[in-house]
Structure formats: structure tokens, C-alpha cells
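Number of protein chains: 4
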Amino acid sequence: MTNDTSDMKIARPLPSYLIQRYQGWKATSYAENKVWYRRLAEEGQRPRAMVISCCDSRVHVTSIFGADQGEFFIHRNIANLVPPYEPDGDHHGTSAAVEYAVRVLKVTNLVVMGHSNCGGVQGCHDMCAGNAPELEEKTSFIGRWMDILRPGYEAVKGIADPAEQMRALENQAIMTSLKNLMTFPFVRDAIEADQLSLHGVWHDIGGGGLFYYAPDKDEFVPV
Amino acid sequence: MTNDTSDMKIARPLPSYLIQRYQGWKATSYAENKVWYRRLAEEGQRPRAMVISCCDSRVHVTSIFGADQGEFFIHRNIANLVPPYEPDGDHHGTSAAVEYAVRVLKVTNLVVMGHSNCGGVQGCHDMCAGNAPELEEKTSFIGRWMDILRPGYEAVKGIADPAEQMRALENQAIMTSLKNLMTFPFVRDAIEADQLSLHGVWHDIGGGGLFYYAPDKDEFVPV
Amino acid sequence: MTNDTSDMKIARPLPSYLIQRYQGWKATSYAENKVWYRRLAEEGQRPRAMVISCCDSRVHVTSIFGADQGEFFIHRNIANLVPPYEPDGDHHGTSAAVEYAVRVLKVTNLVVMGHSNCGGVQGCHDMCAGNAPELEEKTSFIGRWMDILRPGYEAVKGIADPAEQMRALENQAIMTSLKNLMTFPFVRDAIEADQLSLHGVWHDIGGGGLFYYAPDKDEFVPV
Amino acid sequence: MTNDTSDMKIARPLPSYLIQRYQGWKATSYAENKVWYRRLAEEGQRPRAMVISCCDSRVHVTSIFGADQGEFFIHRNIANLVPPYEPDGDHHGTSAAVEYAVRVLKVTNLVVMGHSNCGGVQGCHDMCAGNAPELEEKTSFIGRWMDILRPGYEAVKGIADPAEQMRALENQAIMTSLKNLMTFPFVRDAIEADQLSLHGVWHDIGGGGLFYYAPDKDEFVPV
Numbered sequence: 018m019t020n021d022t023s024d025m026k027i028a029r030p031l032p033s034y035l036i037q038r039y040q041g042w043k044a045t046s047y048a049e050n051k052v053w054y055r056r057l058a059e060e061g062q063r064p065r066a067m068v069i070s071c072c073d074s075r076v077h078v079t080s081i082f083g084a085d086q087g088e089f090f091i092h093r094n095i096a097n098l099v100p101p102y103e104p105d106g107d108h109h110g111t112s113a114a115v116e117y118a119v120r121v122l123k124v125t126n127l128v129v130m131g132h133s134n135c136g137g138v139q140g141c142h143d144m145c146a147g148n149a150p151e152l153e154e155k156t157s158f159i160g161r162w163m164d165i166l167r168p169g170y171e172a173v174k175g176i177a178d179p180a181e182q183m184r185a186l187e188n189q190a191i192m193t194s195l196k197n198l199m200t201f202p203f204v205r206d207a208i209e210a211d212q213l214s215l216h217g218v219w220h221d222i223g224g225g226g227l228f229y230y231a232p233d234k235d236e237f238v239p240v
Numbered sequence: 018m019t020n021d022t023s024d025m026k027i028a029r030p031l032p033s034y035l036i037q038r039y040q041g042w043k044a045t046s047y048a049e050n051k052v053w054y055r056r057l058a059e060e061g062q063r064p065r066a067m068v069i070s071c072c073d074s075r076v077h078v079t080s081i082f083g084a085d086q087g088e089f090f091i092h093r094n095i096a097n098l099v100p101p102y103e104p105d106g107d108h109h110g111t112s113a114a115v116e117y118a119v120r121v122l123k124v125t126n127l128v129v130m131g132h133s134n135c136g137g138v139q140g141c142h143d144m145c146a147g148n149a150p151e152l153e154e155k156t157s158f159i160g161r162w163m164d165i166l167r168p169g170y171e172a173v174k175g176i177a178d179p180a181e182q183m184r185a186l187e188n189q190a191i192m193t194s195l196k197n198l199m200t201f202p203f204v205r206d207a208i209e210a211d212q213l214s215l216h217g218v219w220h221d222i223g224g225g226g227l228f229y230y231a232p233d234k235d236e237f238v239p240v
Numbered sequence: 018m019t020n021d022t023s024d025m026k027i028a029r030p031l032p033s034y035l036i037q038r039y040q041g042w043k044a045t046s047y048a049e050n051k052v053w054y055r056r057l058a059e060e061g062q063r064p065r066a067m068v069i070s071c072c073d074s075r076v077h078v079t080s081i082f083g084a085d086q087g088e089f090f091i092h093r094n095i096a097n098l099v100p101p102y103e104p105d106g107d108h109h110g111t112s113a114a115v116e117y118a119v120r121v122l123k124v125t126n127l128v129v130m131g132h133s134n135c136g137g138v139q140g141c142h143d144m145c146a147g148n149a150p151e152l153e154e155k156t157s158f159i160g161r162w163m164d165i166l167r168p169g170y171e172a173v174k175g176i177a178d179p180a181e182q183m184r185a186l187e188n189q190a191i192m193t194s195l196k197n198l199m200t201f202p203f204v205r206d207a208i209e210a211d212q213l214s215l216h217g218v219w220h221d222i223g224g225g226g227l228f229y230y231a232p233d234k235d236e237f238v239p240v
Numbered sequence: 018m019t020n021d022t023s024d025m026k027i028a029r030p031l032p033s034y035l036i037q038r039y040q041g042w043k044a045t046s047y048a049e050n051k052v053w054y055r056r057l058a059e060e061g062q063r064p065r066a067m068v069i070s071c072c073d074s075r076v077h078v079t080s081i082f083g084a085d086q087g088e089f090f091i092h093r094n095i096a097n098l099v100p101p102y103e104p105d106g107d108h109h110g111t112s113a114a115v116e117y118a119v120r121v122l123k124v125t126n127l128v129v130m131g132h133s134n135c136g137g138v139q140g141c142h143d144m145c146a147g148n149a150p151e152l153e154e155k156t157s158f159i160g161r162w163m164d165i166l167r168p169g170y171e172a173v174k175g176i177a178d179p180a181e182q183m184r185a186l187e188n189q190a191i192m193t194s195l196k197n198l199m200t201f202p203f204v205r206d207a208i209e210a211d212q213l214s215l216h217g218v219w220h221d222i223g224g225g226g227l228f229y230y231a232p233d234k235d236e237f238v239p240v
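Chains as they are written, first to last, in my numbering: chain D, 18 to 240; chain W, 18 to 240; chain A, 18 to 240; chain B, 18 to 240.
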């Protein structure tokens, strides 16, 4: 097998461990729900909420909220970040997802969900603390993406306890996204028209806890 | 209730329907697996594959591939698109996710999963066919994101049957992402070092089918 | 899979999305209240009120009145209708439920709750206005059930504004049920013995409002 | 206050304990979800399942299945019975509800849910065993409604243990409804067209258990 990297020839068939799992799903969950899936296909989706969460393999919104097919519009990126509003004509995947959810699907809740032990947030911390020069390079997509969280680092850098500081920075990732969401005119409009509400939650992977941002206390409290 | 949109005060507590579902998960799935979740939290994730799929509420990779916590690093954006390599110092969420998966997590499989009835692909079609001028505007994040698929539209615009054309364009979204992935030096390097393979699949929501891109046939075939 | 429709073989196991939700309830609400549920099972129910409401998925008496287990005896049918007293020996599900609530359980309040956007009332309107001939057929259970509301249509057909007319007809559904309840000797007896009172309310799904029939004004007023 | 039972004057304002609860709901759940409720009102319901359960105050489908507004079309009558198909032009509330769910809403699952300690089933037992002559009278709506379950009594009358016999009769109520559902041409058509599936479950109020009818074993097994 040669690796011809010049074009599509590089693509490989689906690995058998994925095929096997898919076939299990097809014969059970799909078989059980096919009528509903057909209706969802024909009539379109009508999700009640958008959730922005992390790509991290340990955090599944679909598990935690028992999400059935058709219920949540889910965007997942590194560290559940939303960049500020920048209509510069470039490709903005997160902003496009938010626009689609708010303007086209008209979701009623937009939840930003962060989590403990976040590698992206850790990288941001290391970079801002001067311990990851490779992330400072222009060519580092991770570094440039985590730039969004730099103001958050400034807010927590004085915290002495490392674990406490990391959790505070994970919380900042959620708060930064909420603040940035408010810079999108269509998000602000939907909120002012009472058609949308924003929510921030932080999930503790190991302990299973869920905490939401309580604006009156300006902190994350257990649900 | 006034909507003070000036800052974080706008955030609302988590809606009770989500809290109720979370509490059900905590008392069942979490309770059953807490030892494993604690290990995942302490030892970090070690996902075998990255999956790039759509935000669409009807398509859950975690269902279709029976994904347990810790198995797949999942990025979801509109129409499962990967933009070309552009190390310009701007925020590139998708590129950052790919970089993290390939360079940090060293996943062995990278699967791009598209699907039927895709609203993002439909929007691209309408825009390219001249039927959605609002998507042509510079301020349309959806339009600018779907620009990535313009070459794909050129490839399918001659197909007469509308349903066939849409499916072909959904396939193009997957192929475009695979081609663009090959423009990332670290992706190409990992493939050439035999450490990574790319896969493209298309999922039929209503029928439950799964088709993968077969490079020898240059078409999508059922698994 | 063949569909053997000849007998019970047609029944299917409970779909997993319902099992999952049930298991969440079992591990949380049930676990928390099991002592009370065991007492309810052993000692029997002693509901304070009967509520007759619509099958509509958007109207949950248990939510609106915060009903805990054991509090309300609830009958739900299309358009919250009560037919007139007809002791003809046939199966009368609604009349049986009323009889059980009043004579066996001796509830003290009987509430008929209608609602906005009622599909059953809309069907009655279309049928009476001559726009739904299929509902006029003898084999249409929906049509024959909505016949109960025909006198109500006569009372509102002169209202010019369509939205106002629909709301008036939804109110008529409630008033018709209250009038028909008074044709049941055991209902009349219980009221005359000061052991039961009847109430009519109309709920606005979108606006969340609740209006009750005020006999002195002969109209529905906000609570 | 006189009890004028001749007309609508008999209706009373809503009792304050209900008003108080409603106001609590309005200020909390409704306030939190008003955007979604408005959308449900405007766009209509799209429930995935119909549930036929008992009026019993101790059995809330909305709790057990965590039903949010808009999810389940719920018919509740005494002993969760469905009469056989009888298109005789009379008022058939249960048949109308089934017709609406299957033909208009096109639900994909129809669940008949029975329960332990069912007063209606107990009444049927007493009547059939000759211990409740008042239920044999033509004017007894409860008796005539429970006639639907007479064949079920015949099937279990040989069981010696009273508790076992009652549970068997409660199971018969579910099975009888499933069988009767199959006598409705539109139910049979929807099943044969693979658009609907039937399910029977029995709920143990005190123990919190849920059992479904497994056609291959012809018995109820725990979920």
C-alpha cells in the first residue's frame, strides 16, 4: 500500500471496529426508531437548544442530557470557545454555527458547557505563563485559537493554588464565550426580543458534578 | 424582567428540563461508571479516532458508533467542513481541533462524517445557484463558511435531478474536507509516517445507511 | 422482519429512549419518594380533585398545577369533552371516569381545562363550517366525538374574527362539558349535597395564561 | 350562595390552592421556558409517542418518562382500556384519541401503560366474580366500561393466589387494549406500513418497577 498523498486516493475504507459498531446501532437503535428517524429526515429538525461544548472525548452532551436525535444542535470545538464578532469575510466556523442556530433554527436556549481537565485550557495557561513557546508561533492553530482566552488568563493569573487556578480558567472560558456571544448583533437582538437565553455550565468529569454560572453571585454554583 | 445586555448579567440558570435530565444521568450512567470516569479525569483522554461531523441535532456520532466516554475526539461544525491550511494568525477553530487531535492526541483515524438532509449544504446550494443573496453578504457567517464548499458546487451543478444533486453536494462536502486536510503539513506527515488514516462517510438519516468513500472507485459505497 | 398482525406478536419491547428516561426517574424521583409511593400503593389514592383535560402534548396538568403523585385524578381526551348522560349500556370512557371520581373517590373539585391552539376544536370548526367532509363520515371517530361540540359551534359561528371565534369555541368546549356534567344525576346530587364543585378553565399555551369561567359575568376571566 | 343546578351558574371560580400552584408554575417553569412554549403554540405539536394510561392519581406518565411539554400525546381513562373498533356513529372518546394520534399526528410509538393497585381492574374483578351487583346494572358507566376487560377475567379466573390474579388481570387490561387496537384498520395499516409500533407496559406503583410485554415470551418482563 503506497501513501499517495497527492489527492483523494489517500482516503481509506472505514475501519472495521467502526463498521461493527455502526452495524450494531443499525440493528438495534435504528431498527427500533426508524419511523421517527424517517420523520426527522422528512420534516427537518426543530431542536430546542444549542450546546457549545468541547471536542474532548470524555464529555458527551448527548449522554449528560440524555439527548435523543433531534433535540440539541451541538457545536464542539477546542475549549468550547466563541470568538468575538468579526464579520471580515473569512471562514468562521463557530460564528456560522451560532448564526445558524439563532437565526435559522431559532433555538430558545444556548448553553456553553465547559469541563474539568481541559487540555485546551491547560495549553492556554502554559502559553500565557510563558511555558509553551511553540504555542506562541503564528503557525500554531491551537495557540491562535486559545488567544481568545488570553483575557481570561489575566483575570486568574493571581490565583496561587494551581488546581484552583485551572478551574477558574476553565470557568473563564465559559464566561468569555458568553461575553463574546453578546457581541453578535443577532444574539443580542434575540435576547432582547425575549426569544433566546444564554447559559453557562461547567462539568466535573471525574466527580460527575454540574455547575451553572449564577449571574447574581457571579460564580458557578451546583445545579 | 429587564434584559441588561451589557455584560454577564444576561446569563440565566440552567433550565430545569436540562437539570432533570442531568440528574437522571448522574444517578444512573455516572453512578455505574464513576470509577472509570475518575480514571479518565486523572489519566487524561486517549481517543482512538477524531470525528468531524455536523452540528445537526439528528446526527449523533456517539449513537451511531456507540461511543463511550473517552473514545472519540469529536469536532462538530456546520456541514462537517475543514477549511484549507491558512496559518495567518487568525482564530481557526476547526484547524485547531485537527491540530490538537493529530499532534497532541495522535489519533489513528480521522473520520469526516456528512449526512443527508443537511441544511448547511442546502444553503450552499441555494447561494451558489443564485437563490440566496443574503448568504452572499460579507456579514453572513453561514455564507462565508459555506464558501469552502463552492468548488464542490461547481463539480455537481450539472446534475439534473435535484435529490441526486443534493446528495452529490453532501458527498462533495466530505471530499472537500478530506482534500483540505491534506493541505495541513502535520496531517500529511502523520499519514506518510503511517500514523494516521483519513476516512470519509456519509450517513442517511432517514434510512439509517452509512456509506464510505472508496478511493479505488472514487465513489461512496455502503459499509 | 414480518409484521404478523394477527395477534399480540405485534407488540414490541419498550423503546430504549423511554427506558433510559424511566431509569433516570427510578434513580432520582422514585428513590427520593419511595416511602410515600409505597404508602400510596398500600393505602390507595385519595385525590382532592378530578381534572378533565386534553390529550395535547403541550398541556400538562401535572406541570401547571405542580401535581404530585396522588393528588389529581386525571382524565384526558380530545378537546376535554364530556358527553351528555347516556346510560345505554355502551362503553362510555369519559362517563365512567366521572362516575369513578365522583362516586368512588368523592373528589371535591372537578375541573374541566381547555386550551388554546386545540387541534380537536379546530377540527370541529372545520367540520361544522363545511370544510372537512371526511369528519362528517360515520366512521370518523374524531368527527363523531366532536359532534358533542356542535351546539357550541352554533353559538359562536357569527363571530367574524377567526382567532376570536376559535377562542370562543375553545371556551364553548369547556362550557359544554360543564353543562353536560350537570345531566349526570350523581354529579348533580353531589353538588346539591355540597360535596362537589365544578370549575372551567382555559389555558393559553403560548402566553402561559389561565382563565376561569366566572358564572356571574358569564365569561372567562384571568385568575 | 344557592346551588342553582339548572345551568352554568353552578360553576365556581378556581379554588385558591390551584390558583396558587398555577401562579408558582407561571413564575418559574413558564418564565424559564416561555420562548419554547410560544414556539410550540405557534408551530404546533409533534409528539413522538402516544401513551394511554389510567386516570389514577398515583401514575404520572409525565414523571416516569420525564415528559416535557410537546413530547407525548396522552390519553388517560379508567384502567387504560381501548374498546374494540365500533364505527357506529356514537361518541367514542378513546377511539377518537387513537385516530387523532395515528392519523393526524402520526406518532411512531403507541404505549399502553397499566399499573398495580388499579381500582378499575379491581372493580372488574369484583363484578365478574359476582361480588359487585351494582356494577352489573345498565346505568353503571364503570361496569359497562369494564365490560371491555371481561374476556381478560376469563383468562385469569383460575389463578388461586389473589394478588397474583390481580396482577394477571392488570396485565390482561394492557393485552386486551393492544389486541383491540389491532382491530382498528388505521392502526393495522400504520403498523403494516412500518410507521407505528405498539408497546405494553405495567408499572408497580409501590416498588417503582416497569415491565414490558415481551411477545416472544408472552409475558411481562422487567425493563
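Keep in mind the hints are simulated off the structure, nothing from the lab. This structure is a prediction, so every number in the text was calculated from the model and none was measured. It cannot be assumed that every hint is accurate.
Copies of the same chain look alike in the list, so a pair counts if it fits in one copy or across any two.
What the hints assert, rightly or not - Derived lysine-lysine pairs resembling DSSO-like cross-links, with alpha carbons at most 30 Å apart:
1. 26 <-> 123
2. 196 <-> 51
3. 155 <-> 234
4. 26 <-> 43
5. 155 <-> 51
6. 43 <-> 174
7. 155 <-> 43
8. 51 <-> 123
9. 196 <-> 155
10. 26 <-> 51
11. 123 <-> 155
12. 196 <-> 26
13. 234 <-> 174
14. 26 <-> 234
15. 234 <-> 43
16. 174 <-> 155
17. 196 <-> 234
Results of checking the hints against the structure:
1. Taking identical chains as interchangeable, the C-alpha atoms of residue 26 and residue 123 lie at most 30 Å apart only when they sit on different chains, with a minimum of 22 Å there against 40 Å within one chain.
2. In this homomeric assembly, residue 196 and residue 51 come within 30 Å of each other (Cα to Cα) only across copies, at 23 Å, whereas the closest approach inside a single copy is 40 Å.
3. When the C-alpha separation of residue 155 and residue 234 is checked against a cutoff of 30 Å, the pair qualifies neither within a copy, at 38 Å, nor between copies, at 39 Å.
4. Taking the closest pair of Cα atoms, residue 26 and residue 43 come within 30 Å of each other both inside a single copy (28 Å) and across two copies (22 Å).
5. Taking CA atoms no more than 30 Å apart as the test, residue 155 paired with residue 51 passes in neither setting, with 48 Å inside one copy and 34 Å between copies.
6. When the C-alpha separation of residue 43 and residue 174 is checked against a cutoff of 30 Å, the pair qualifies neither within a copy, at 49 Å, nor between copies, at 32 Å.
7. For the homomeric pair residue 155 and residue 43, neither the shortest alpha-carbon distance inside one copy (44 Å) nor that between copies (42 Å) is at most 30 Å.
8. When the C-alpha separation of residue 51 and residue 123 is checked against a cutoff of 30 Å, the pair qualifies both within a copy, at 26 Å, and between copies, at 14 Å.
9. Within a single copy, residue 196 and residue 155 get their C-alpha atoms as close as 25 Å, and across copies as close as 23 Å, so both meet the 30 Å cut-off.
10. Taking CA atoms no more than 30 Å apart as the test, residue 26 paired with residue 51 passes between copies only; the shortest distance there is 19 Å, against 34 Å inside one copy.
11. For the identical chains of this complex, residue 123 and residue 155 are inter-copy neighbours only, at 22 Å across copies versus 36 Å inside a copy, given an alpha-carbon limit of 30 Å.
12. In this homomeric assembly, residue 196 and residue 26 come within 30 Å of each other (Cα to Cα) only across copies, at 10 Å, whereas the closest approach inside a single copy is 44 Å.
13. Taking CA atoms no more than 30 Å apart as the test, residue 234 paired with residue 174 passes inside one copy only; the shortest distance there is 21 Å, against 55 Å between copies.
14. In this assembly of identical chains, residue 26 and residue 234 lie within 30 Å of each other by CA distance solely across copies; the values are 10 Å between and 56 Å within a copy.
15. With identical chains, the CA atoms of residue 234 and residue 43 are at most 30 Å apart between copies only, with a shortest distance of 24 Å across copies and 47 Å within one.
16. Taking the shortest Cα distances, residue 174 and residue 155 sit within 30 Å of each other inside one copy (23 Å), while across copies they are farther apart (37 Å).
17. In this homomeric assembly, residue 196 and residue 234 come within 30 Å of each other (Cα to Cα) only inside a single copy, at 16 Å, whereas the closest approach across copies is 48 Å.
This entry does not satisfy hints 3, 5, 6 and 7, going by the numbered hints stated previously.
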